[in-house]
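Line order of the protein sequences matches chains L and P. Sequential numbering from 61 applies to the first sequence in my numbering. Sequential numbering from 7 applies to the second sequence in my numbering.
What the hints contain is simulated information worked out from the structure, not anything from laboratory work. Remember, predicted model here, so these are calculated numbers, not experimental data. Here a beta-carbon is modelled for each residue, glycine too, at the ideal position from N, C-alpha and C. One thing to keep in mind: the hints can contain errors.
No farther apart than 20 Å at their CA atoms in a straight line, the calculated lysine to any residue pairs in the SDA-like style are these [unchecked claim]:
| # | chain 1 | residue 1 | chain 2 | residue 2 |
| --- | --- | --- | --- | --- |
| 1 | L | Lys-90 | P | Arg-316 |
| 2 | L | Lys-90 | P | Glu-318 |
| 3 | L | Lys-182 | L | Phe-77 |
| 4 | P | Lys-324 | L | Phe-80 |
| 5 | L | Lys-90 | P | Gln-123 |
| 6 | P | Lys-324 | L | Asn-88 |
| 7 | P | Lys-324 | P | Ala-167 |
| 8 | P | Lys-324 | L | Ser-96 |
| 9 | L | Lys-90 | P | Ala-319 |
| 10 | P | Lys-324 | L | Gln-79 |
| 11 | L | Lys-90 | P | Gly-323 |
| 12 | P | Lys-324 | L | Ile-76 |
| 13 | P | Lys-324 | L | His-74 |
| 14 | P | Lys-324 | L | Phe-77 |
| 15 | L | Lys-182 | P | Ala-191 |
| 16 | L | Lys-69 | L | Lys-90 |
| 17 | L | Lys-90 | P | Ala-191 |
| 18 | P | Lys-324 | L | Asn-73 |
| 19 | L | Lys-90 | P | Tyr-314 |
| 20 | L | Lys-182 | P | Glu-318 |
| 21 | L | Lys-90 | P | Ala-320 |
| 22 | L | Lys-182 | P | Ala-125 |
| 23 | L | Lys-129 | L | Asp-165 |
| 24 | L | Lys-69 | L | Arg-109 |
| 25 | L | Lys-90 | L | Thr-179 |
| 26 | L | Lys-182 | P | Gly-193 |
| 27 | P | Lys-324 | L | Thr-84 |
| 28 | L | Lys-69 | L | Asp-106 |
| 29 | L | Lys-182 | P | Tyr-314 |
| 30 | P | Lys-184 | P | Ile-332 |
| 31 | L | Lys-182 | P | Ala-319 |
| 32 | P | Lys-324 | P | Ser-277 |
| 33 | P | Lys-184 | P | Val-357 |
| 34 | L | Lys-69 | L | Glu-135 |
| 35 | L | Lys-182 | P | Asp-317 |
| 36 | P | Lys-324 | P | Pro-222 |
What follows is a set of in silico ranges between Cβ atoms, one per label pair, in the way DEER data are often shown [stated by the list, open to error]:
| # | chain 1 | residue 1 | chain 2 | residue 2 | range |
| --- | --- | --- | --- | --- | --- |
| 37 | P | Arg-23 | L | Val-152 | 47 to 53 Å |
| 38 | L | Pro-153 | P | Gly-18 | 47 to 53 Å |
| 39 | L | Ala-137 | P | Glu-258 | 45 to 51 Å |
| 40 | L | Gln-133 | P | Val-182 | 54 to 60 Å |
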Amino acid sequence: MNTKKTFFKPAGNHIIFEQFDTETVMINLKSGHYFSMNPSGQRIWDLLRHWPTLEEILLALGPEERAGKSGIQNEVAAFLDTLVEQGLTERVPQRPDGLPPLTRDAAADYALPQIQVFTDQKELLLLDPIHEVDEPGWPTPKED
Amino acid sequence: MTVAQGNRDNQGAWSRRLLREFQRARRESGGGDLTIELAGLEVRLAFAQPALEALAQRLMGHLELAPGRFPDLQVYCWQGENTAERILTGSKSQSTQKLHPQTRLRCNRNGRIWERQLARGTEMLLDPAQQWGLYRMSPGPGIAFPEQASLLHPLLVSWAAQRGLIPAHAAAVGSVGKGVLLAGAGGSGKTTTALQCLLHGMDFAGDDRVVIQVDPPRVWSIYGSAKIDGETLDLLPELAAHVRFEASAPREKGLFYLNPLWRERITRDFSLHAIILPQVREPWSGRLVRVEAAEALRTLAPSTLLAYSRDEAAMFGKMAQLVRRIPAYRLGLGGAKAADGAAIQRMLQEVL
Chain L
61 MNTKKTFFKP AGNHIIFEQF DTETVMINLK SGHYFSMNPS GQRIWDLLRH
111 WPTLEEILLA LGPEERAGKS GIQNEVAAFL DTLVEQGLTE RVPQRPDGLP
161 PLTRDAAADY ALPQIQVFTD QKELLLLDPI HEVDEPGWPT PKED
Chain P
7 MTVAQGNRDN QGAWSRRLLR EFQRARRESG GGDLTIELAG LEVRLAFAQP
57 ALEALAQRLM GHLELAPGRF PDLQVYCWQG ENTAERILTG SKSQSTQKLH
107 PQTRLRCNRN GRIWERQLAR GTEMLLDPAQ QWGLYRMSPG PGIAFPEQAS
157 LLHPLLVSWA AQRGLIPAHA AAVGSVGKGV LLAGAGGSGK TTTALQCLLH
207 GMDFAGDDRV VIQVDPPRVW SIYGSAKIDG ETLDLLPELA AHVRFEASAP
257 REKGLFYLNP LWRERITRDF SLHAIILPQV REPWSGRLVR VEAAEALRTL
307 APSTLLAYSR DEAAMFGKMA QLVRRIPAYR LGLGGAKAAD GAAIQRMLQE
357 VL
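Use the sequences and the hints to build the structure in full.
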């Protein structure tokens with residue numbers, strides 16, 4: 061196990077998403093928020109299955125000399141903050157061993173990762189909560 | 007007896023109890039059957055109250071079929087008291103009084119689905135393998151507004167989803183067997199656009215609840231009704247005499263049944279050729295503006311998934327397949343009052 065670092069991992073399976081050439085559409089089924097992510101954000105999202113640190117993400121996004129630039133660091137960190145705030149990503153102190161290593165795309169262009177948050181369906185979700193009932197919860201008939 | 011056996015017995019006892027209640031209600035109150043074609047399959051609806059049968063005719067008469075020998079689904083529907091003595095959520099016993107009034111309780115075991123929707127006052131059991139379902143509504147007075155607009159909806163959409171279809175939050179209009187889906191959140195202009203198209207000669211398959219098949223793309227009607235508010239009615243005064251408003255909300259909750267008036271204009275299904283995204287708050291566009299598939303998914307999926315709330319990942323994937331198969335267009339309506347029905351009808355005809 062790695063320790064004393066912050067790792068980023070995708071939140072649970074309440075997050076569903078679909079990738080298109082120009083946009084990733086994502087829904088957080090717990091919050092009712094949904095999202096549009098640009099391809100640069102999508103690239104970072106893809107990296108999260110490796111449970112990376114911020115530094116590892118920066119290195120994976122392109123040449124090492126570019127990863128050290130504070131502007132890019134701030135932009136990626138802000139993007140990750142939004143993912144965490146929206147319940148799409150979690151910060152964890154450890155990651156399991158055996159995850160596949162990140163690969164660096166040294167030739168990749170960098171673009172500002174962006175995510176647009178839509179909250180107009182939240183009310184619908186909160187008004188209509190679902191309770192999945194365990195097997196013992198099947199209704200019990202009243203006695204005749 | 008094992009826990010699993012006990013639960014199966016419990017389920018069986020409860021199902022038999024409900025069926026006996028239906029039979030007793032039918033003996034006391036009467037009521038008949040309506041056989042419909044839903045998503046290409048035969049569904050036989052048995053009612054234990056004449057008013058329910060009449061409501062089903064108003065909502066689904068356009069889907070009526072001559073009964074065959076073996077329906078794909080048999081549904082028993084009645085109004086009666088709650089028969090369950092307890093509800094357990096998770097590991098804790100919890101009475102329904104402690105839950106949010108809009109809560110839905112659901113249990114899916116051994117392939118059978120039980121669901122209670124507190125706001126609708128309904129309880130359902132669907133057994134897809136045995137091809138039957140039970141649907142109990144809270145006793146009157148009258149029939150609750152959600153049922154008047156979409157009788158049996160929780161059960162019918164659960165069944166459709168079990169068969170790989172998408173119960174969608176969308177409207178559908180078209181002509182000569184070809185149609186478009188009108189997708190958008192509540193208040194986006196779906197109903198206004200659909201009714202404008204109807205008044206300008208197009209056929210109608212649904213106002214905001216339809217069933218979609220992805221391959222090949224097809225939309226199926228469930229209800230020949232439209233929910234309409236006072237503002238929309240101001241725009242379509244020719245419908246005023248036919249709209250029933252809920253007494254408690256005379257400008258907000260109105261219902262318009264197409265079956266008594268325009269049964270020949272309500273179609274059971276269309277082949278699906280485009281997705282239209284009406285935008286009531288955008289300026290009048292005067293044309294359909296092609297948009298990316300992602301935008302169509304972003305518009306169609308959230309309200310559909312959040313309203314249906316089951317098998318979301320699979321349903322989302324199917325909707326993604328659909329938006330990749332057919333084109334999508336945005337339509338700025340310029341406010342409900344500015345919408346030009348004749349122009350909308352001409353634009354939609356061009357993509358059919």
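Do the hints match the structure? See the list:
no.: 1; hint: Lys-90/L <-> Arg-316/P; result: holds, 13 Å
no.: 2; hint: Lys-90/L <-> Glu-318/P; result: holds, 12 Å
no.: 3; hint: Lys-182/L <-> Phe-77/L; result: holds, 17 Å
no.: 4; hint: Lys-324/P <-> Phe-80/L; result: holds, 14 Å
no.: 5; hint: Lys-90/L <-> Gln-123/P; result: holds, 19 Å
no.: 6; hint: Lys-324/P <-> Asn-88/L; result: holds, 18 Å
no.: 7; hint: Lys-324/P <-> Ala-167/P; result: holds, 11 Å
no.: 8; hint: Lys-324/P <-> Ser-96/L; result: holds, 18 Å
no.: 9; hint: Lys-90/L <-> Ala-319/P; result: holds, 13 Å
no.: 10; hint: Lys-324/P <-> Gln-79/L; result: holds, 13 Å
no.: 11; hint: Lys-90/L <-> Gly-323/P; result: holds, 18 Å
no.: 12; hint: Lys-324/P <-> Ile-76/L; result: holds, 12 Å
no.: 13; hint: Lys-324/P <-> His-74/L; result: holds, 17 Å
no.: 14; hint: Lys-324/P <-> Phe-77/L; result: holds, 12 Å
no.: 15; hint: Lys-182/L <-> Ala-191/P; result: holds, 11 Å
no.: 16; hint: Lys-69/L <-> Lys-90/L; result: holds, 17 Å
no.: 17; hint: Lys-90/L <-> Ala-191/P; result: holds, 18 Å
no.: 18; hint: Lys-324/P <-> Asn-73/L; result: holds, 17 Å
no.: 19; hint: Lys-90/L <-> Tyr-314/P; result: holds, 14 Å
no.: 20; hint: Lys-182/L <-> Glu-318/P; result: holds, 16 Å
no.: 21; hint: Lys-90/L <-> Ala-320/P; result: holds, 17 Å
no.: 22; hint: Lys-182/L <-> Ala-125/P; result: holds, 18 Å
no.: 23; hint: Lys-129/L <-> Asp-165/L; result: holds, 17 Å
no.: 24; hint: Lys-69/L <-> Arg-109/L; result: holds, 6 Å
no.: 25; hint: Lys-90/L <-> Thr-179/L; result: holds, 12 Å
no.: 26; hint: Lys-182/L <-> Gly-193/P; result: holds, 15 Å
no.: 27; hint: Lys-324/P <-> Thr-84/L; result: holds, 16 Å
no.: 28; hint: Lys-69/L <-> Asp-106/L; result: holds, 10 Å
no.: 29; hint: Lys-182/L <-> Tyr-314/P; result: holds, 14 Å
no.: 30; hint: Lys-184/P <-> Ile-332/P; result: holds, 13 Å
no.: 31; hint: Lys-182/L <-> Ala-319/P; result: holds, 18 Å
no.: 32; hint: Lys-324/P <-> Ser-277/P; result: holds, 17 Å
no.: 33; hint: Lys-184/P <-> Val-357/P; result: holds, 10 Å
no.: 34; hint: Lys-69/L <-> Glu-135/L; result: holds, 18 Å
no.: 35; hint: Lys-182/L <-> Asp-317/P; result: holds, 19 Å
no.: 36; hint: Lys-324/P <-> Pro-222/P; result: holds, 12 Å
no.: 37; hint: Arg-23/P <-> Val-152/L: 47 to 53 Å; result: holds, 49 Å
no.: 38; hint: Pro-153/L <-> Gly-18/P: 47 to 53 Å; result: holds, 49 Å
no.: 39; hint: Ala-137/L <-> Glu-258/P: 45 to 51 Å; result: holds, 46 Å
no.: 40; hint: Gln-133/L <-> Val-182/P: 54 to 60 Å; result: holds, 59 Å
Checked against the numbered hints above, the structure breaks none of them.
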